[in-house]
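Order-wise, the sequence lines are chains U and D.
Residue numbers for the first sequence, in our numbering: 21 to 181.
Residue numbers for the second sequence, in our numbering: 235 to 822.
Please note that a few of the clues may not be correct.
Said to hold, decoys possible - Not close to chain D: a few residues of chain U, all C-beta gaps over 10 Å, as computed:
id, residue
1, Ala-54
2, Arg-58
3, Ala-62
4, Asn-80
5, Gly-83
6, Gln-93
7, Gly-95
8, Asn-102
9, Gly-114
10, Gln-130
As the list claims (entries may be wrong) - Taking lysine-lysine and the DSSO-like style, the derived pairs with C-alpha atoms no more than 27 Å apart in a straight line are:
id, chain 1, residue 1, chain 2, residue 2
11, U, Lys-155, U, Lys-52
12, U, Lys-150, U, Lys-103
13, U, Lys-103, D, Lys-380
14, U, Lys-103, U, Lys-155
15, U, Lys-52, U, Lys-106
16, U, Lys-106, D, Lys-557
17, D, Lys-656, U, Lys-52
18, U, Lys-150, U, Lys-99
19, D, Lys-557, U, Lys-52
20, U, Lys-106, U, Lys-55
21, U, Lys-55, D, Lys-557
22, U, Lys-106, D, Lys-656
23, D, Lys-380, D, Lys-342
24, U, Lys-155, U, Lys-106
25, U, Lys-155, U, Lys-99
To be verified - Covered stretches of chain U, going by a simulated chain D footprint (3 or more residues, C-beta under 8 Å):
id, stretch
26, 65-75
27, 103-110
28, 119-129
29, 147-155
In case anyone wonders, no lab produced these hints; they're calculated from the structure.
Note that beta-carbon positions come from the ideal geometry of N, C-alpha and C, so glycine has one too.
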Amino acid sequence: MNRLILTLAMTATMAALFLPNRAAAQVPPPAKRAKHVRIVEAPQVEMSTDHLTIIRWTTNNPGGSDEHYGVVQYGTDPKDLNKTAKSPIRLNQGHAHTTFRVRVDDLEPQTTYYYRVATEESGGRRDPLKSPISKFITPGPGERIPASPQRGRGVQPIARQ
Amino acid sequence: MKVLLQTCAVVAVPLLLVSCSGANAADPASPPTYNPYPSGILPADVESETARVQSEVQSIFQQALAEANALPPATVTGQPPTQQGSGYQSIATLGKLMNFDVNMSALKNMACASCHMPYAGFGGPIPSVNLTMIAYPGTYHFRAGKRTPPRYTYSPFFPALAYDDTAAAFFGGNFWDGRSTGYLLQSPDAEQAQHPPLDSQEMGLPDSACIAWRLSQSQYVAIFERVWGAGSLTGINFPSNTEQICSTPAGAASFGTSVTPVNLSPTDRNRANVIFDHWGQSISAFEKSKQVSAFTSKFDAYLENQYTMTSDELAGYNLFKGKGNCNSCHLDGRGTTLTPGQTDNSTAAQANPLFTCFGYTNEGLPLNPRDAFYYQTTPDALGFTPNPDGFGYRDLALGTFLRSGYGSAPNPNAEWIPLAPKSDGRFQVATARNAAMAPSQCPTTEAPGPYFQKGFFHNGYIKSLKQLVHFYNTRDVFPFAVTSGHCPAGTTEKVDCWPMPEVTNNLDMTTGKLGLTDQEENQIVAFLQTLTDGYTTPYPNIDSFTGQCTTGGTASTQGNETLIPTPPLPPCSSNVCAIAPFPNPAIP
Numbered sequence: 021m022n023r024l025i026l027t028l029a030m031t032a033t034m035a036a037l038f039l040p041n042r043a044a045a046q047v048p049p050p051a052k053r054a055k056h057v058r059i060v061e062a063p064q065v066e067m068s069t070d071h072l073t074i075i076r077w078t079t080n081n082p083g084g085s086d087e088h089y090g091v092v093q094y095g096t097d098p099k100d101l102n103k104t105a106k107s108p109i110r111l112n113q114g115h116a117h118t119t120f121r122v123r124v125d126d127l128e129p130q131t132t133y134y135y136r137v138a139t140e141e142s143g144g145r146r147d148p149l150k151s152p153i154s155k156f157i158t159p160g161p162g163e164r165i166p167a168s169p170q171r172g173r174g175v176q177p178i179a180r181q
Numbered sequence: 235m236k237v238l239l240q241t242c243a244v245v246a247v248p249l250l251l252v253s254c255s256g257a258n259a260a261d262p263a264s265p266p267t268y269n270p271y272p273s274g275i276l277p278a279d280v281e282s283e284t285a286r287v288q289s290e291v292q293s294i295f296q297q298a299l300a301e302a303n304a305l306p307p308a309t310v311t312g313q314p315p316t317q318q319g320s321g322y323q324s325i326a327t328l329g330k331l332m333n334f335d336v337n338m339s340a341l342k343n344m345a346c347a348s349c350h351m352p353y354a355g356f357g358g359p360i361p362s363v364n365l366t367m368i369a370y371p372g373t374y375h376f377r378a379g380k381r382t383p384p385r386y387t388y389s390p391f392f393p394a395l396a397y398d399d400t401a402a403a404f405f406g407g408n409f410w411d412g413r414s415t416g417y418l419l420q421s422p423d424a425e426q427a428q429h430p431p432l433d434s435q436e437m438g439l440p441d442s443a444c445i446a447w448r449l450s451q452s453q454y455v456a457i458f459e460r461v462w463g464a465g466s467l468t469g470i471n472f473p474s475n476t477e478q479i480c481s482t483p484a485g486a487a488s489f490g491t492s493v494t495p496v497n498l499s500p501t502d503r504n505r506a507n508v509i510f511d512h513w514g515q516s517i518s519a520f521e522k523s524k525q526v527s528a529f530t531s532k533f534d535a536y537l538e539n540q541y542t543m544t545s546d547e548l549a550g551y552n553l554f555k556g557k558g559n560c561n562s563c564h565l566d567g568r569g570t571t572l573t574p575g576q577t578d579n580s581t582a583a584q585a586n587p588l589f590t591c592f593g594y595t596n597e598g599l600p601l602n603p604r605d606a607f608y609y610q611t612t613p614d615a616l617g618f619t620p621n622p623d624g625f626g627y628r629d630l631a632l633g634t635f636l637r638s639g640y641g642s643a644p645n646p647n648a649e650w651i652p653l654a655p656k657s658d659g660r661f662q663v664a665t666a667r668n669a670a671m672a673p674s675q676c677p678t679t680e681a682p683g684p685y686f687q688k689g690f691f692h693n694g695y696i697k698s699l700k701q702l703v704h705f706y707n708t709r710d711v712f713p714f715a716v717t718s719g720h721c722p723a724g725t726t727e728k729v730d731c732w733p734m735p736e737v738t739n740n741l742d743m744t745t746g747k748l749g750l751t752d753q754e755e756n757q758i759v760a761f762l763q764t765l766t767d768g769y770t771t772p773y774p775n776i777d778s779f780t781g782q783c784t785t786g787g788t789a790s791t792q793g794n795e796t797l798i799p800t801p802p803l804p805p806c807s808s809n810v811c812a813i814a815p816f817p818n819p820a821i822p
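Kindly produce the complete structure, drawing on both the sequences and the hints.
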């Protein structure tokens, strides 16, 4: 009898192991878009080498698509920001603020660049963000500004658009 | 009770009897070993370790056979016909048999499980392979793939690949590059199970009809027909040379360009295709069962108030969803805006958090020059060359798949092709669940151990969870314009030197400079370890590992002794980077 109970218990255990698990999860919907998007930490150079600069800034959480892009429009003439760099980030729907970081590649050493920032949803819709034009200077060949930014290091706001 | 047992016995006997039929086909002869590798690329123990895993696989296959023979009698009733009571158990048991059946490879020496064992979270089971060549040897020794084997656990929960217009992003699918879309079976996991058996560098069957053929010769014909109906596996008029064809690894020059070398009538071809679909669906049922996707971790117990996290685990969880921002992609389904003392009663986006967003991202992993794929540039004895481009290959992942590109699979949706440049370099966001799973006797992935060596991310460049978190934390703090193996003197690779990404297009910048301290990194690792199944209920076959644990060293530099210098990289091959729509910017 004990053997019978043991056999049935094993059968029940194996059956339980073969049962399917919970229902498939769904892709979470995008968060509601914020009415106003404002910069709460100004754009700054996070790290810079002679050919690469990372610009970072923080806004309130803009909502909308979870995948967002930080956008840096830049150039050597403050009146002609003729190049654009974009980097994807993921919003965290549970966070009040969002830090955007953008890689700006293929820069010339020891050159002054002017730029302003924007943010947009993955589909290209721009968030309502106002950004000043700032500038940074790339280091000399082989030099590097390390990734331990002090606020505003290497960056000077020159105008508000 | 007695009647029930007698009935079981009556059912079990036919299963066993049928199991012996057709099992006497001669094992195919192996072609000469393919070894295009420079000294040191193949681990010294690759043959003994492959044999060790095969023994473990066969042991679990016998276990599955016993479970099949212990199934209660099948009662099919109703419209549509349903196997009442035991349907789930039957199909999952069938899937388990298939998953651990070494006869489902061309040379009958490799099962699906050969690259996906339970004690590794159904990921790669050979520590030395994970440490070095990262892609697993296939049925034809030693052809190998190009990426690490993704973990099975929770893969059935991924939806079919879709481009979500609202989110303007891809979600779902299976595989690192999403090439198993689920478009036909509406289960990417079921379709995933159809790929490795036909992959020339994996199980190597040259024709999907070989699955129907080998199943018809298997020891579990009866349970297949119990699940899929009487006659569902028999009746195909296979030509007399079928076994000869099926035991010739895919890619052999003798096949020419044919992808259907088994000559079947249109009617029989359709029947074979249906069986092939049932193969995938059965394996997916197994992978969705609690034998694989168990939801039995400490974290699951924590959500049920059945486990109290340690202070480090809890700190790690708070970092995971706070400063570390890990849960922006590895969704934990919980609210993140709590203040001290507040109770988490958030409306979770997911009732069963899977710790993935089902999305795709480029984290900027450096090219791993130990990946066996780069060295397979010469033809093997069958005239097949796995990678004619050598180090000219670049892994654009989802982008290459959308172009139906080299080394991926046909993209079944032409509307997605223009999205390829936006997808270059993006790999699937794996679930964080079971990343830390390791065998009972070496129950950690972290040095000094005793530990079980794993390889993380698609190319196995990262060797410990500590390194994984440190990479997310400092990729952009210690970037160097060098390839792996060339960090400047005075720096230590993976500690204060990260080589440049293999692909910079679409590089995700959510992470890269998180500002975590060393202690905080360790706390996130401690939290990740709470996501390992087997806490509330023992994880099936977690103790099936018969190999050796590793000890010594530190998690920060784990595996660094095997770093080799990346050779000078030729430009990206035209097979990869010159397929429209072109990568933007161009990939060097």
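**Least C-beta distance between Gln-130/U and chain D, which was stated to exceed 10 Å** = holds (17 Å)
**Message:** Hint check: Lys-106/U vs Lys-557/D, CA-CA at most 27 Å. Holds or violated?
**Reply:** holds (23 Å)
**27 Å limit on alpha-carbon distance, applied to hinted pair Lys-150/U and Lys-99/U** = Holds, because 17 Å separates the two Cα atoms, which is no more than 27 Å.
**Message:** Check the hint pairing Lys-656/D with Lys-52/U against an upper bound of 27 Å on the C-alpha distance.
**Reply:** holds (24 Å)
**Prompt:** Three or more residues of the stretch 103-110 of chain U near chain D by CB distance under 8 Å?
**Reply:** Holds: 4 residues of the stretch 103-110 of chain U have a Cβ under 8 Å from chain D.
**Request:** Please confirm whether Arg-58/U is truly not at the interface, meaning its C-beta sits more than 10 Å away from all C-beta atoms of chain D.
**Result:** holds (19 Å)
**Message:** Taking 8 Å as the Cβ threshold, is the statement that the stretch 65-75 of chain U is covered by chain D upheld or broken by the three-residue rule?
**Reply:** holds (count 6)
**Item:** Assertion that Asn-102/U lies farther than 10 Å from chain D (Cβ)
**Value:** holds (16 Å)
**Prompt:** Is it true that the CA of Lys-380/D sits at most 27 Å from the CA of Lys-342/D?
**Reply:** The given pair, whose Cα atoms are some 22 Å apart, holds under the 27 Å limit.
**Prompt:** Given the hinted pair Lys-557/D and Lys-52/U, is their alpha-carbon gap at most 27 Å?
**Reply:** holds (23 Å)
**Asked** Holds or violated: Lys-52/U with Lys-106/U, Cα cutoff 27 Å?
**Response** Holds, at roughly 23 Å.
**Message:** Need the status of pair Lys-155/U, Lys-52/U: alpha-carbon distance at most 27 Å?
**Reply:** violated (33 Å)
Of the numbered hints stated above, those contradicted by the structure are hints 9, 11, 13, 29, listed in ascending order.
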